[in-house]
Amino acid sequence: MKALTWHGRGDVRYESVPDPSIVDPTDAIVRITSTAICGSDLHLYDGFNPFMLKGDVLGHEPMGIVEEVGPNVKRLRPGDRVVVPFTISCGTCFYCRKALFSVCETTNRNPEIPRKLLGQQTAGLFGYSHLTGGFAGGQAEYLRVPYADVGPIRIDSDLPDEKVLFLSDVFPTGWMAAENAEIDPGDTVAVWGCGPVGQFAILSAWLMGAGRVIAIDRVTERLELAERHGRAEIIDLRDDSVYDRLMEMTSGRGPDRCIDAVGAEAHSTGSVSQVYDKAKTMMMMETDRVHVIREAILCCRPGGTVSIPGVYMGVADKIPVGAFMNKGLTLKTGQTHMPKYLDPLLRRVEENDLDLSFIITHTAPLSKGPDLYRTFRDKDDGCIKCVLKPGVFQ
Amino acid sequence: MDREATQDRPRAFWPEYARTYDEPAQTPGWDLNGPERRIDDGRTLARAMGWMSFGLGAIELAAPRQVARFLGVDERHSTLIRSYGAREVASGVGIMKQRTPTAGVWSRVAGDAIDLATLAVALAPSRRRKSVLLAMGVVAGAMALDALAARQLKRPHGAKIEGSGRRPHTFEHEGRTYHDVRSGGAQRPKRPVRSQHEPTGEQGGF
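Chain order of the listed sequences is Z and R. When the first sequence is numbered by the numbering used here, its final residue is 403 and no position is left out of the sequence of numbers. When the second sequence is numbered by the numbering used here, its final residue is 221 and no position is left out of the sequence of numbers.
Please note that a few of the clues may not be correct.
[Unchecked claim] Selected chain Z positions facing chain R (Cβ under 8 Å, derived; list incomplete): (1) 30; (2) 33; (3) 56; (4) 60; (5) 64; (6) 66; (7) 79; (8) 102; (9) 115; (10) 116; (11) 119; (12) 256; (13) 259; (14) 262; (15) 349.
[To be verified] Computed list of lysine to any residue pairs in SDA-like fashion (alpha-carbon distance at most 20 Å, straight line): (16) 63/Z to 108/Z; (17) 83/Z to 189/R; (18) 145/R to 79/R; (19) 112/R to 83/Z.
[What the hints assert, rightly or not] Residues from chain Z that face chain R, not an exhaustive set, calculated with beta carbons under 7 Å: (20) 23; (21) 24; (22) 27; (23) 51; (24) 80; (25) 84; (26) 87; (27) 100; (28) 106; (29) 108; (30) 109; (31) 153; (32) 162.
Keep in mind the hints are simulated off the structure, nothing from the lab. Cβ atoms here follow ideal geometry from the backbone N, Cα and C, with glycine treated the same way.
Pulled out of the complex, with its shape left as it was, chain Z reads as follows:
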C-alpha cells in the first residue's frame, strides 16, 4: 500500500510500505477514505520528537471502511464506515475504567520510554512516534486498528467524510479543552492559537455558555476565521502586547478561562521569552517553547483556569509558578480521552447539524501529502487544515 512516511526533519515521503494485517484477535483493518494532517504532526515534521524511526507511517486523524476484523471484534463488521480516534485504549484497565482513555496502561508497546520520560506510561497513539507505542499511522491506504471495539465510532448516517472526520481528534480535543477550562455561563474565554484545535475550542466554549471569546494568533487567515466563523474578538500578537490588550478588554481583570491551543512550538513577537526559548532549545537545554503557558498564567484572572490542549513533549523552564500559586489558578490538561466524547459529539453533529468542515482549506490525494506538509508548516496559501484522500489519484 501507499503511505506517508517520516524520514527526518522536513522529510515526509509518499512511498510503498507492506500492508498491515490482523495481529491480535481484537484488531480491525480499515481502508482509509479520508485522513487529515494535524498540527501536532508538525512537531514530528520539525524534528521535535526524538523517538521517530525512518519509515514510520504518520497520521492520526483517519476514517474509512472496515475491511477485515479479528475474531474477538464484536461491535464492528466489514463494510462499516468508521471514524478512528487517535488514541488506542484497551477499555478494561484501571484508567479506562475511570474513562481516562488517553493514559490507558495497556496499549503503549514501549512503556519503558514514557516511564523514564514522564514518570508513568501513557496510551498508544497512531503514527505518533515510539514514545507512544510505535503504531503505524493513518496517512495510508490501510490502517490496523488494535482494540477495534473500543476506539472507532460507526457512522450510520450519510454525512460526508468532511463533516465527521474531525471527530478523530481536533473536535473532541477542542471540546475537552473547553471542558477542562471549567467555563461558567458568561465567562470570558481567551484562546491562544487559532489552528483547528483553537477553532473547535472557540466553538465549544460558545456551546458551553461562554459570554465572550477572545482569539489570539499571528496568522491573518486564522484570525479571520476565528472572527467570521467563531464570532470571537481577536488579538493579533504582531500588533499588540497580548497582556496589555487582554487587560484593556477585561477592565484590568484578565480572562476567566485561558486555553493554550498552541503547544511546543509557540512563537511570540519581539519578546525576551521567544529569544530565550529559541536559544535553549537550540542548545538542547529545553525541548519545548512554552511562551503561551507563561503568558496564559500571567493573563488569567485570579481563581481562573488554564487549560492546555496544545501538545508538549519534554521539559521547559521559566514557568511563572509564583503567579500560578498566588493567584490560585487551576491547570488542566491531557491528551483527549477520545471514547468518552465520540458518541456525544457525533450526536451534536447529527442533531444540531454542526458542520465541522469549516476549517478545511486544502483537500488533495494522499500522494500530495509531502507538499501539503510543507504548505501547512509554512502556513502558506492560507492553509489551516489539510485533508488527504488515499485511493484517489489525480
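Guided by the hints, dock chain R onto chain Z, whose structure is given.
Chain R only, in chain Z's frame:
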C-alpha cells in the same frame, strides 16, 4: 443512528462498557511484517555499519598501498587488502539490500574476525605497530557494534514486552490461521490485492 436501536452492536464504546469487560487486556502485538518498526530493531545501527563497510571498502579498493604503508607492512600485500575491500563492499551491499539485514551484519562480524586475525599476524613484522594496534582497536569496536546489531536484529519478535503479559500466539478465524508476527515472522495471511483503490462514492464531497 439511535443508541438504543443498535444496542446489540452499539456504534461507539461508552465508558460504562469498561466496567463490563473482565478479560485481562494485553498489549497489542507488533505488525513487523506490515508497516511497523521497533525502536530497538537494530536496523538503524545495521545501516550505519553498512555505510562504514562502504567507506572502508572504498578506501581499501582505491588505495591499498597507502593502507599497507599506514600499517607498516609490505606493499606487496595490496592485492590482499583489495580483496578485503571487495568483501567490505559486498557486506555493505548485503546490508543495504535487506529490510532486516541479519545475514549482512553477520557477514560483517565474520569479516571483522578475519580482519583481526590478519592484523594480529601483521603485528610482529610491522614497522608501525602503534598503527596496527589502533586498527585492531577500531576493528574490535566495530565488531562489538556489529554483534550488538546482529543481536538486536535476531531478537525474537515475541520477546517479553516490559510491563505486559504478552506472549506470542496463533489463532484461527474464518478458516484462516493468523500468526502473531512476534512468534518469529510467521506467514501472514494476505487480503485480496487491489490493483487500484477507487473512491467508493460513500465519502462524498470530493
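Now for the hints, and whether the structure bears them out:
A least Cβ separation of about 5 Å between residue 30/Z and chain R falls short of the 8 Å threshold, and the interface hint therefore holds. Given hint, residue 33/Z at the interface with chain R, holds; its Cβ is 5 Å from that chain's nearest Cβ, closer than 8 Å. Of the supplied interface hints, the one on residue 56/Z is violated, with its beta-carbon coming no nearer than about 16 Å to a beta-carbon of chain R, more than 8 Å. With its C-beta approaching chain R no nearer than about 7 Å, residue 60/Z sits inside the 8 Å limit, and its interface hint holds.
Residue-level restraint check for residue 64/Z holds (minimum Cβ-Cβ distance to chain R is 6 Å; threshold 8 Å). Taking 8 Å as the C-beta contact cut-off toward chain R, the hint placing residue 66/Z at the interface holds, the least distance being around 5 Å. Interface hint status for residue 79/Z: upheld, as the beta-carbon distance to the closest one in chain R is roughly 6 Å, under 8 Å. Because the closest C-beta pair between residue 102/Z and chain R is about 6 Å apart, less than 8 Å, the hint holds.
With a least beta-carbon distance of about 4 Å to chain R, the hint placing residue 115/Z at the interface is held under the 8 Å criterion. A least Cβ separation of about 6 Å between residue 116/Z and chain R falls short of the 8 Å threshold, and the interface hint therefore holds. The restraint placing residue 119/Z at the interface with chain R holds, with a minimum CB-CB distance near 6 Å, inside the 8 Å limit. Because the smallest distance between the Cβ of residue 256/Z and any Cβ of chain R comes to about 40 Å, over 8 Å, the interface hint for this residue is violated.
Checking residue 259/Z against chain R by beta carbon gives a least distance of about 36 Å; that is not within 8 Å, so the hint is violated. Annotation: residue 262/Z was flagged as interfacial toward chain R, and the flag is violated, the nearest CB pair being 37 Å apart, outside 8 Å. Here the hint on residue 349/Z is kept, as its CB sits about 6 Å from the closest CB of chain R, short of 8 Å. This hinted pair does not check out: residue 63/Z and residue 108/Z have alpha carbons roughly 34 Å apart, beyond 20 Å.
The hinted pair formed by residue 83/Z and residue 189/R meets the criterion: a straight-line CA distance of about 14 Å does not exceed 20 Å. Simply put, residue 145/R and residue 79/R have alpha-carbon atoms about 19 Å apart, close enough for the 20 Å limit, and the pair holds. Distance hint between residue 112/R and residue 83/Z is unfulfilled; the C-alpha atoms sit about 42 Å from each other, more than 20 Å. Here the hint on residue 23/Z is broken, as its CB sits about 13 Å from the closest CB of chain R, past 7 Å.
Interface hint at residue 24/Z: violated, since its Cβ lies 10 Å from the closest Cβ of chain R, which is beyond the 7 Å cut-off. For residue 27/Z, the suggested interface contact is upheld, since its CB lies about 5 Å from the closest CB of chain R, less than 7 Å. Residue-level restraint check for residue 51/Z is violated (minimum Cβ-Cβ distance to chain R is 21 Å; threshold 7 Å). Below 7 Å, beta-carbon pairs count as interface contacts, and residue 80/Z has one with chain R at about 4 Å; its hint therefore holds.
Given the 7 Å rule on beta carbons, the hint for residue 84/Z holds: about 6 Å separates it from the nearest Cβ of chain R. A cut of 7 Å between beta carbons decides the hint on residue 87/Z: the least distance to chain R is about 10 Å, and the hint is violated. Because the beta carbon of residue 100/Z sits about 5 Å from the nearest beta carbon in chain R, less than 7 Å, this interface hint is met. The closest approach between the C-beta of residue 106/Z and any C-beta of chain R is roughly 5 Å, which is under the 7 Å cut-off, so the hint is satisfied.
At a threshold of 7 Å, the smallest CB-CB gap from residue 108/Z to chain R is about 4 Å, leaving the interface hint in force. Taking 7 Å as the C-beta contact cut-off toward chain R, the hint placing residue 109/Z at the interface is violated, the least distance being around 10 Å. A cut of 7 Å between beta carbons decides the hint on residue 153/Z: the least distance to chain R is about 6 Å, and the hint holds. A least Cβ separation of about 4 Å between residue 162/Z and chain R falls short of the 7 Å threshold, and the interface hint therefore holds.
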